[in-house]
Each structure stands twice: as C-alpha cells, then as structure tokens.
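Protein chains in written order, with my numbering: chain A, 1 to 380; chain B, 1 to 380; chain C, 1 to 380; chain D, 1 to 380.
Heads up, a few of these hints could be off.
Just so you know, same-sequence chains aren't split out, so a pair can sit in one copy or run between any two.
[As the list claims (entries may be wrong)] Mimicking PhoX-like on lysine-lysine, the simulated pairs with C-alpha atoms at most 25 Å apart in a straight line are:
no.: 1; residue 1: 97; residue 2: 241
no.: 2; residue 1: 73; residue 2: 223
no.: 3; residue 1: 97; residue 2: 203
no.: 4; residue 1: 241; residue 2: 298
no.: 5; residue 1: 241; residue 2: 308
no.: 6; residue 1: 198; residue 2: 298
no.: 7; residue 1: 200; residue 2: 223
no.: 8; residue 1: 200; residue 2: 308
It should be emphasised that the hints constitute simulated quantities derived from the structure, not laboratory data.
There are 4 protein chains.
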Amino acid sequence: MSTLKVGRSSVCVRASIASSPQKQYSPKTPAVKSGEEVRIAVLGASGYTGAEIVRLLANHPQFRITVMTADRKAGEQFGSVFPHLITQDLPNLVAIKDADFSDVDAVFCCLPHGTTQEIIKGLPQQLKIVDLSADFRLRDINEYAEWYGHAHRAPELQEEAVYGLTEVLRDEIRNARLVANPGCYPTSIQLPLVPLIKAKLIKLSNIIIDAKSGVTGAGRGAKEANLYTEIAEGIHAYGIKGHRHVPEVEQGLSEAAESKVTISFTPNLICMKRGMQSTMFVEMAPGVTVSDLYQHLKSTYEGEEFVKLLNGSNVPHTRHVVGSNYCFMNVFEDRIPGRAIIISVIDNLVKGASGQAVQNLNLMMGLPENMGLQYQPLFP
Amino acid sequence: MSTLKVGRSSVCVRASIASSPQKQYSPKTPAVKSGEEVRIAVLGASGYTGAEIVRLLANHPQFRITVMTADRKAGEQFGSVFPHLITQDLPNLVAIKDADFSDVDAVFCCLPHGTTQEIIKGLPQQLKIVDLSADFRLRDINEYAEWYGHAHRAPELQEEAVYGLTEVLRDEIRNARLVANPGCYPTSIQLPLVPLIKAKLIKLSNIIIDAKSGVTGAGRGAKEANLYTEIAEGIHAYGIKGHRHVPEVEQGLSEAAESKVTISFTPNLICMKRGMQSTMFVEMAPGVTVSDLYQHLKSTYEGEEFVKLLNGSNVPHTRHVVGSNYCFMNVFEDRIPGRAIIISVIDNLVKGASGQAVQNLNLMMGLPENMGLQYQPLFP
Amino acid sequence: MSTLKVGRSSVCVRASIASSPQKQYSPKTPAVKSGEEVRIAVLGASGYTGAEIVRLLANHPQFRITVMTADRKAGEQFGSVFPHLITQDLPNLVAIKDADFSDVDAVFCCLPHGTTQEIIKGLPQQLKIVDLSADFRLRDINEYAEWYGHAHRAPELQEEAVYGLTEVLRDEIRNARLVANPGCYPTSIQLPLVPLIKAKLIKLSNIIIDAKSGVTGAGRGAKEANLYTEIAEGIHAYGIKGHRHVPEVEQGLSEAAESKVTISFTPNLICMKRGMQSTMFVEMAPGVTVSDLYQHLKSTYEGEEFVKLLNGSNVPHTRHVVGSNYCFMNVFEDRIPGRAIIISVIDNLVKGASGQAVQNLNLMMGLPENMGLQYQPLFP
Amino acid sequence: MSTLKVGRSSVCVRASIASSPQKQYSPKTPAVKSGEEVRIAVLGASGYTGAEIVRLLANHPQFRITVMTADRKAGEQFGSVFPHLITQDLPNLVAIKDADFSDVDAVFCCLPHGTTQEIIKGLPQQLKIVDLSADFRLRDINEYAEWYGHAHRAPELQEEAVYGLTEVLRDEIRNARLVANPGCYPTSIQLPLVPLIKAKLIKLSNIIIDAKSGVTGAGRGAKEANLYTEIAEGIHAYGIKGHRHVPEVEQGLSEAAESKVTISFTPNLICMKRGMQSTMFVEMAPGVTVSDLYQHLKSTYEGEEFVKLLNGSNVPHTRHVVGSNYCFMNVFEDRIPGRAIIISVIDNLVKGASGQAVQNLNLMMGLPENMGLQYQPLFP
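Here chain A stands alone, though its shape is the one from the complex (with noise of 0.2 Å):
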C-alpha cells in the first residue's frame, strides 16, 4: 500500500482547507486551538433546526454539545424526541431557566421568531453566538416593527449582529459575537444575486424571484395544512405579497446595489422534506450575456467549498444538494433577449440553516470553515 499523500491525514478537512480563504486572517480573539473543545448549548432543540445541529455535529471534531434546552420537552431524553438520534450521548433537554451556562462556549439559537431577542439579551457576555431565528437579520429595527408587528426588543444587540451569509461576509463573521444566520430563502437568492448586482451585471428593476420550498421550512409545530394528508402530491404557492424573508433579501441586494431594491418574490410550498430551488428572472445591464453573468460567478465562487458553479447547461436539482452544506447554481439564456434566468438549489435545513450556522461558528472560532460539515449529498 501507498504512503498516505500529504493533506489526507485528517478527516474533515481534507482539499479545503489549502484553497481557504481564511488563512491570511488574524481574528481578534484569539481562536480555539486545534484539537481543543469548543463546549456548545443548543437553544430550542426539539425543533428540526435543533435535531440538524445534532446531526452535524456528531462528525464534528472540535464541537460538544454540553446543554439542550426545549421548554415544552424539560426532563425528557433527546432521542425521545428525534428518535434517529438516540446513539449520540447527549445532555437531557431542559428548559432554558434552567440551563447552566458555566460549561459552555458557544451557542446554536434556534428559538421561534420573536422569543429570541429577550433570550439572547439575557445571555452571558462572553459566548458566541449564531442565532437561527429572523430576530437579528433586519439591521433596521423600523422594518422589523413594520414586518413582526411589534418593536424589537434588543435593539442595542442589533447593531452588534452580524449578518452571516458567509461566502459574502466572512471577514465580519470572523470577528463577530452574535450573528444572525440568514434564512433559507434569502440564502439561496442572495448567493448568486449579490454578486452580480455588486459588478452591475443585473438591472435593479424587475428583479423576479419564483422559490419553491420543502416542507421542512415550516418546522415542526403541529398544523393541518402542513399535515402529510394536506401536502403529498402537490404544490402551492403562499405568502405571495408578504413573506418575511422578503425585507431581508431586500436587504442583501440594496446594500450591494448601494440603492433601494424592490424583488417579487413568490415562494412555493412543494411535496418534499427537505431541498429548497429559487428561480430568478432578471434583466441584464445593457451590453452584459449571459456569458459575463456566468463568468463573474464562476470567479466569485472558484475557491468555494460549498458554492458550486455547475458546468455548461446542467440543471441544478433540489435532490443533490439534500443533507449537505452546498448550493449549487447556474445561469440560463431567456428567450427573451436582455433576460436570463438563474437557479440555485439548497438544503433550507443545511445551508439554508444549520448548516451554515456551523459553517459561521466555525470561523467565529477561527476554525477550518467546513469542520464538520463535509457531508455529501444523500441521493437517492
């Protein structure tokens, strides 16, 4: 048998960790060595966001889950409440009044919308923080009022957040203490938009975006209409005019534009757990193809791990990226002249949440971005 080439002789972070972009950087705290702890608290763990970190961290070689707080689950054992689970050793869930902070570095909140911003406040000082909830993602709290219909209520934790869309944030992730994961919808347009729109690729106007959803983005609360009865062997579209993830991409896009932007955005409800596809329809600056739009994101996202660029006329399908931290994307020639069409296609649970919630805790502890997370896709 061969020597085993250079590079290979740790697991997780084999390939990548050369072509990273993190290595010139010097945090400003210093970060968890190699090989050290890094002691995690899982804030809402009985939601399915909550049951991914567990996933994912059962590979992870520097990350321990120490406290899992679920109020409604106090006292009962994680694999009672996801029984996939039930071979990890892992700390009983308890209420989050209860949860001891003294043994922990790190936190995962994956809290409902709304409850999160008085948790967080409440918090010790010192832990890092990658909050999972919509409660920090809008940086102006007069939109929050107006889309969540009630004032924030840690305003001053607000501007301390930072948003962690990592491909395009990475240096202010590095060095933040509490960042806001974006939602799954938001990521899957503003990977392959931002870009374009920062080199003025893409017209601001018009900007269509038709998304379609597995049913793991509406969590795990108890409905009718999201019983299997109700949603096998179907799609609808909801939320057509409001869905909140929209301030949010209209965030991303307007502060790469340097300009106010309106999207249309129609998100789908489709008969699957797990995938999430956003299609969207844009006009190109005058004189750009669609050549230039590929180009430009080709050399974006070269040094990527989880960004793919995908080759010629392939088709990005929901099923390839599923269990996996990638999104992967490609443009397409309109038959209307001016126009193309981009498609990209994530895991709204891996990359569109907890996913990329490592991926951001990760470099907040100055650690290889994709400890962890090297999961291929599962298919079929």
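Given chain A's structure and the hints, the job is docking chains B, C and D onto it.
This is chains B, C and D only, laid out in the frame that chain A set:
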C-alpha cells in the same frame, strides 16, 4: 321524501346545462341525439392519456369504446396493461394497422408526437377526431418543422385542424372534424392570459412564466430520469429555453394580441404524479389594476363549468383539481408596482389532456360539454 | 351512429344492475322511487370521511345534501374547509345543535368515536343512519367498554344496529334503520377471510395479519406525528398489540367460525394518502389447497361489482383501487406447506369508509347498490 | 475552553473504538497501519450501490478511490452520472476490461448478479474483495444453480468466500480475502433471528416474514414498473413465493439452527427511496417469553455500534435510519399467546449494501470497523 327538483333528473349534466353557452348553437352536422351511442376508438391506448380517456368514459352516458389500439401490446387485454381498469368491459388491444374503423364514429388519438400525422391522414373521412399529440397544434407548418425537426407530413389536415382550447374556441370546435387538443402547459397558461391580452389589460413584453408539472406529463416510457428513485422528494427545471410547448403558447398569445409575443418559459418537474401549476408574472397596461384583471377574468369565466376564478386571496393548489377537469386560477398583486402574478392549476392528464379531449368531442357531437366529466377532485 | 344498447340509458347503474343480487328482495319499508330525491345530512362534515361523502354524492342521482354540520367550523362555507369541492352547491356548515332535521331523510354520521352514541340517540326516529364511527360496531357492549374505556352510552341502539359489511350482510342492511359502517382494516380483512372461515377452508388458529394503511386513516387532526415531514418516505408499525380494529375483526371472524378467534394484527402506517393493504398469513384446513381457497372466493364474489378476485398470480396494488369502491384480492401459495397468503387492497376512505357507507344507504333506501359509486380508480 | 477529552482527538472513530471487539485480534495478513492509504477500485460504479460507496468513502480517512468502472458509461466523469457527487475528486469511469489494478489494494464489486463470478475470477490474487452481488452468497452451488438458472462459474472462489454479515461472522470476515456482502432483506432478517435461533428461543417452524423495501433496492435500471408515476403513493407485494433472497435467509437460519429452516417470505415494494422494514412473526419455544427474546438480543448486541435494540415499546421506523449504517430493532408481544413479533429496520443501501461493505473491508484491513461510517440518520 320530497320530489326530485327540476334539473336533477339527469345525473351527469345537472347544474351546468342551464348556464352552458351552447344552447343558441346549431352545428353544421346534425348532433348525436340524446341517448344515442357514439362509438369510440382510442388509438395509443397503452399510455397515460389513453388510460385516462378510458377512466373518464367509464361514466359517459353516450360514448362507448369499440376499438383500442396499442402496437406493442397488440393482443393483450387492456386490463393487463392498466390493472386499475380491469373491471371495465373493453375490446382487446389491436395493432393500429389491424383496427376496424367501420364500427367507429369518433377517435381519440393518443399516439406519440410525430407519428400521428400520417396515421390520421389514413383514417376514414367521416370520423371525428380529437388528437392529443402536438402534431396539429401549430398552425404554421414552418414553425412545426423548426421545433420538431422534420417537415409536417399532413399540411392539408393542418389547415383543417381546429385548436381545441375549449373555453376560448368553443364555436370553432363545435364545427370541427379534427381538433388538435392543447398541451397541458399551454392550457394552463392561455386560459388566464388570452382574455387579459385580448382586453389589452397586460403588456405583451416580459411575460414570464414559471410552470411546474407532475411526472405523468412525461408519459409511461421507461426512462432512468423518471424512476421513482430519481424523482421523489425533489424539483428541477428542464428545457429552460426550448420546451416544445413554447411555440404553442406564443401562437395563442400572439393571436390574442394580434402581434408577435415572445415569452419567458421555465418548466419544472416536481415529485407528484398529476398536477400542473403555472405562475405568470406580468406587467399591467398603464392605469390597470389587479382588480381590473380579476374582474375581467371573472366576467370571462362566470358561466363556465370548468374554469373557476377563486375568491379573495385564495391560492390555487394543484391538489385541489386532481382527477377533475377544472382549472382553478387567481390573480395577485406583486410587490413591484404595476406588476401582477397570476396562478392557474389543472390536472395535466384531465383538463391538460384527456378531459379537455372529451369536452371537445362532446361539443363536436352536439352533446352537453360536461357529459362524462363531472368528477370532483380527489383530495386528499 | 348506432342506437344505444339496452341497459345503457342510465349512466351510473349500467352493467351491474342485471347481476345485482338485490332484485329478489322486498324491503320492509317502501323503497325510495326511481328519481325521487333523498335528503341527506352529513354530520361531522369537516373531516376526510365527510368530504369523501360529498365527493361521492356529487354524482349520485338521488341523494342530495341538505344539512352539513361541523361544530368548530359552524358558519363557514364547506368550500373554505375543503377548497377542492368549491364548485359544489352545498348548505353552509352549522353546529350540530343548530341542525334542522325536518328536511332530512337520511344521515351519514362522520363524527369522532365516542361522541356519536349520544348524538344518534337524539336524532329523529324516522331517519335512516349510517354511522362511520366505531361506536356501534361491537355487538358486545362489554367489549366496547373494555376497548374504549367507558360504558356504552346507547346500548338500546347497539341492539338495533346492523354491521354494514355490505357483501356479507346485505339482507340485514336492507332492513336496517341504523348501520354501523365497518372500519377500514376490518373491511379489507373480513371480505376475504369470512367466506373462507365459514367454509372451514382455513384454520382458526394462527391467523396472522400484517396490514398497511395510508395516512388519511389517521384523520385530519393536527398531530406532529402525521406531518408531511414525519411521514414522507417511510413506514412504521403502530398499535401492535392493541389496535381498536382488533375486536371488530375478531367479532366478524368469530361469528363466521361460530367460535372465538384471536388474531395477530400488526398495522403499519405508510407514506401514502389513501390505500390499504392487508396481508393475511393463514394455515389451510387439512387437505385444502390454495386452489380451493381461490375457487371459493371466486364463487363467493362472482356476481359482486365491488369485490374482485384477480386472475392468476396478479398481485393487488393499493394504487389500483384509489378513489374507487373496489376491493381487489388474491390468494398465493406459501413456501411453507399447508399455508396460504391472502392479499386484499382497498381505498381506506372509499370501500373502507364513505364509499361503503353510500353503498349501505343505497341498500337501505331500496336503490341500486352501486348508485353514485361507479368511479374508476385514479391511476397514476 | 476546556481541553479536549481523551478519545475525542480522532473524529470518526470516537466512542466506539474502546468498545470495539476487534482489539484482541491478530489478523493473518498484516493490517494496514493507521494513516496508511488503501487504494480502492469500485467496479460497477454507475449504480446506486456504487454511488453509495463513493458517498461513504468521501469521509473515510484511509480509503481512497483510484479506479472506477462502468462499462456503458466508460469515458464519462462520475459527476455526470451522479451529479450529487460532482464535488468529489474521482478518477474517470473506465470499462472493466481497461481497468488497471496495479494501483489498487481492494475492490468493491457492485456489478449485477450473474456477471460477477467470472470478473472476480480474473482479478489479481492479492486484492481484497467485497462483492455486493448475490454471486457468492449461497454456499451450496447447487442451490445457486437452482435459484439463478445457471451453473456457478467460480465454484473454487465460492469455497473461499466468507459471508459478510458483520456482527455475526466478524472473525471470519477479518481473515477473508473475498467477502460476499449480504442482501438487504437477509441482513434485516438475520440480525434479529440468528441469535434467537442459536439460543433456541424461537421455534423453527412457521417463521413468517412480511418485509417492505424502498425502491432503490430495484436498482437504477429504466423499468416502467419503477417509474415515479407507477410507484408513488402505494404499496404492493411481489415475488411472493420466489424472491432470490429466500435461499440466503434460509441458509443463515438453517446454519444457526443446525437444521433445515423453511420460511414464509413476502416482500413488498413501497413508495420510498431508501429504507427496509422486516416484520417477523415467530412462535416462541415452550416457556420462553417476549422478555427472554428481548434480553437475549440486548446482551447479543450490547457492545455493537450499528445494531440497536430500542427501549421499551419503541417501534423502529425506517425514517430513523436513512443514510446511516444502523439496524434498529425491537420485539413485541403478540395477541396470540406464545407468539412474538420482531421488527427491524435498515437503510437498504447502507447496512443493507454499501455501508456493510465498507464495514467489512475495514475489518479485512484491520481498521476500526466504524471508520468512515459514522453518519447519523438524515431525518426528516
């Protein structure tokens, strides 16, 4: 018990007879009399549209199947090809060359695209024909040649063929001998857009359509790409620029506009057996509001049995029309001022194929249009 | 065109009227006349079995719904609860206490188990009632109390109630005022086993049943366990020892055997909306062969419209009966000598619930048993 | 931050190394050293089991794929055949006749049944081989000939081949050069039944098995019967008497029993991609209780990483093992005295195929058995 109310004595035509627009009409050929039997041939009966014709006709009071062809299954019983229909008393499958048309009044032609032109050319002249293939849908045989890669093989029949979008071309269909039954995407798109374009309520530029189809649209051919394992739990776009339904839609919209219309059309295949949703992003004409669109569609389809504009902000779901001949639609305001979003849903095998075919033959035979079609959707 | 053949003038009763066994029969009460309207109340119309009654009756020539109740949805239109049925002209939902039964001839009672006994007790005496709950299925009220945890609340009605397994108890049902419509599992199991037991062709010991149900069997209640995300792409057994359909099956088999039968029964929930398969592993009586079982089932069900023994080694598929009132079944040789395997399939909402209920009320009204039930299965 | 605990420095082998039974063992051939690379060939890489090997090895620290064959796809990139794995750096596909084995240490043979015997005969002698086909599973070549319709083509290799049911035959597998990887049904059935039979806790007569499989078990071949449209939303039994996994199961049970065992075996195909459930109805030996069965399985599998006996009355769900190498099982009391019901679930592509294959090659190479296999199930 009370006496049965007037209008309820005939099962399958209740309710709609009164409102049906066909009463003022005198067809050129004498219509089949009430109670008289129409003998039907189904050509290409081993595919899904053929089976669906059989299912629908099981309760048609005047159509009776006397001939069924399926070249590769010749000699077999239909019930061995489609075991869900074993209870039906049907003729055995024969090769098309062995079919005896002396006992036939009308034909549903469910053959693959391309083969149909010559076969229909060879049928006895007195037969009424509804062709479910794409072979006679494009009026311009040059356009046919361009999209299908070979010269049209029956240009004289193409002249005669009437495009069978029932609600739009009802009068022409009544007098037709040969009807080209519309494709599924074109049906779902033209039903809302043709009246809006005719009324000049929407602009002709930048009509963007994102459509989603169930897998029966791909037929029963054994292809790796359509295996359960490849399709379940996912979505992907396909034929992004070049789907063959594009020229059919553009033909219909251009005629309505009396000027050439070019659409953006992105079809998606999703993990459901039946169902189709078309989402249409349009720019309204200056001064027009979403309410104007709604009112126009409302008055257009008010008397129709099979086209239903939903109330208020109700969103059409594909699940709510499965198994039925209905098209449900609605109109929504876009976030971008001056734009509207229109959503329509059909069962691609019924209103998008075999149901509309039966509806058309009913008309051609002078029968109530809804005869044999009053299946309510199967939900859940 | 030829003249319509004799026997085809009435759509919905063709073919089977001639072979229907009910012709020799004189019901105690004068049957409803042909063409006369039967006014129907549907109690508990907001669940799946209620909606299915509405779907089936849409094409019933003599049943018309005049009252619909749904306590929690009182005041709503039925079409807002079940949008797939918006085209139906139906009375609004009322609370059961506000229902006016003066305009009602017969009742489908689709209420939850347990609440039904007192409600039916309070209904006017002249109404004919088909109860789809389990409340009157167990003849022995002690057994009821044991399985349902409370004393029976209408023991005098229990005496009167006739068990509605149509093909087995047709004559009793014709004369009944109150029919206890069978459960879905019991229907799929008793149809094959009761005749085999009566004929003493199979042993009474070690009857092992592995059954699989679609999720509509669990109703429309919002439960975490029945979310799309929890159910899709999987199977699990449940209620392994204590499913409440067990005493109902054992009652039927014991009566057929004229001796107590104890079964092994393992139900499974699988990721499909409709459908039920029961696989029965039985020991044959000494000297009996699989062919004997087959022949006996064949002669038992030869004239039946809704129970079909498949030919040869054809295996019943749940997909082949969806949306229809059929039960398909077949018998197979086991590898273990002396044993046989019997498989039956039904649509749990039709033959397993609402379809059989309509079939029973047809009988009770002296109408052709298949009236309004001639839906062919919806496949694919 | 705390120092990382002992035993956590290596990602993929944590927890279970300590309890792994292989430490007392000295293999005949020197094991591969920690960190040394094993070069792997995957033969027949264009099927689902081949793709699954690639997915699993993506995180294997010591196995590296250097050769991939797929005759009909020779010359293509693996990522064009399985786009979900495009991020993997893999050799191009070659025809098997062109494969260069000089750079290979071990082979996963994922070829179709029947072709494998001659191909393996032609491979270099020094290679270690795990064959995922059925070609070497039956020790008795006469039985092979009977079930597969042709004489065995490599009887001398059959003598050498070790049956790869890891937890049952671990020691033999460690010393093997050629391992016949078990079938999916046989894995799910033998894991619970072999120890119970060995301990004489269940009777050998009347072992009745009703098993349910996902559709990946049928492979990637383009067959009408396996189209999405034919499979979705349904279940059917198949191969009721003659499934080819029967002799494999009977071989294993007979060896455990030291006497011939004949089973009743009914496989079902259900609408899910991955997953398998086997339900086993057994008669207990006189005086034995369900608790005895439970305790014996508990002690048998106590130290095992991949076989888990659930607590209490928890029912194994197929969804809870998808994507992982786990087998979950439990034992239940039957209503019929003296009988028990045993349910086991696996992912048919992992523990039922490629996962167990990796587990076996780990053993054959002297590596920790769980290396590269610590994927937690993907739920939902």
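Structure versus earlier hints, numbers of those that do not hold, lowest first: Hint check: 1, 3 and 7 fail, others pass.
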